[in-house]
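Q: Sequence:
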Amino acid sequence: MTVQSKSGPQQAQPIQRRPQQEPNVALGLMAPGKYEVTPDQTFTVSILVKEFKGRWIIADRADKQTEEHNIVFRIWSYEEMIDLRKRCTNYDVSRRMSISDNDLLNRLKIQKLMVSWTFGKDNPRLNIQHVNGVLTDESWKAFTKLSSSIAERIILEMNTVLDYGG
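Following the working numbering, the numbering of the sequence shown begins with 56 at its first residue and continues without gaps.
One or more hints might be untrue.
Straight-line distance between alpha carbons at most 30 Å, and here's what the computed DSBU-like set of lysine-lysine pairs gives [stated by the list, open to error]:
id, residue 1, residue 2
1, Lys200, Lys89
2, Lys141, Lys200
3, Lys89, Lys108
4, Lys176, Lys141
5, Lys167, Lys119
6, Lys167, Lys89
7, Lys196, Lys141
8, Lys176, Lys119
9, Lys89, Lys105
10, Lys141, Lys119
11, Lys196, Lys108
12, Lys105, Lys176
13, Lys108, Lys141
14, Lys141, Lys105
15, Lys119, Lys200
16, Lys167, Lys108
17, Lys119, Lys105
18, Lys89, Lys176
19, Lys196, Lys89
20, Lys200, Lys105
Hints listed in this document are in silico derivations from the structure and should not be mistaken for laboratory results.
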């Protein structure tokens, strides 16, 4: 094969292929290293709540009437993120587009990634249990019994860390 250029005809160089290397089995057996997500990596969402006119609200600063609650979540891996997002996405044939159900995605994140919380300390009906690392349906019901402003703040803070690293 001949290639024509301004300086004249040149012979094309054959493509040199690298010899295939066998996978290094030792790398697969090593413990996770730098930049890798492990199941024991967690983050904590802390919120301040107080009772105001018979309802529970989010407080912006600590004082003698506020209570601090901590919710611990596990960091998700890229593979888990893709799996949960796929489970929340449906294809609408009439509109020819994929539609994501964000409420379902948030539910799956909470059920799969929530490790513990302190709301059960003062109210035994809000204790949470896990089966195979996932919150039980009863524990999800306990989450839904929270004041909507508290639940929304937990979800907002969780998504800030999981989706934006923040």
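Q: Any of the earlier hints contradicted here, and which numbers?
A: Of the numbered hints given earlier, those the structure breaks are 1, 3, 4, 5, 9, 10, 13, 14, 16, 18, 19, listed in rising order.
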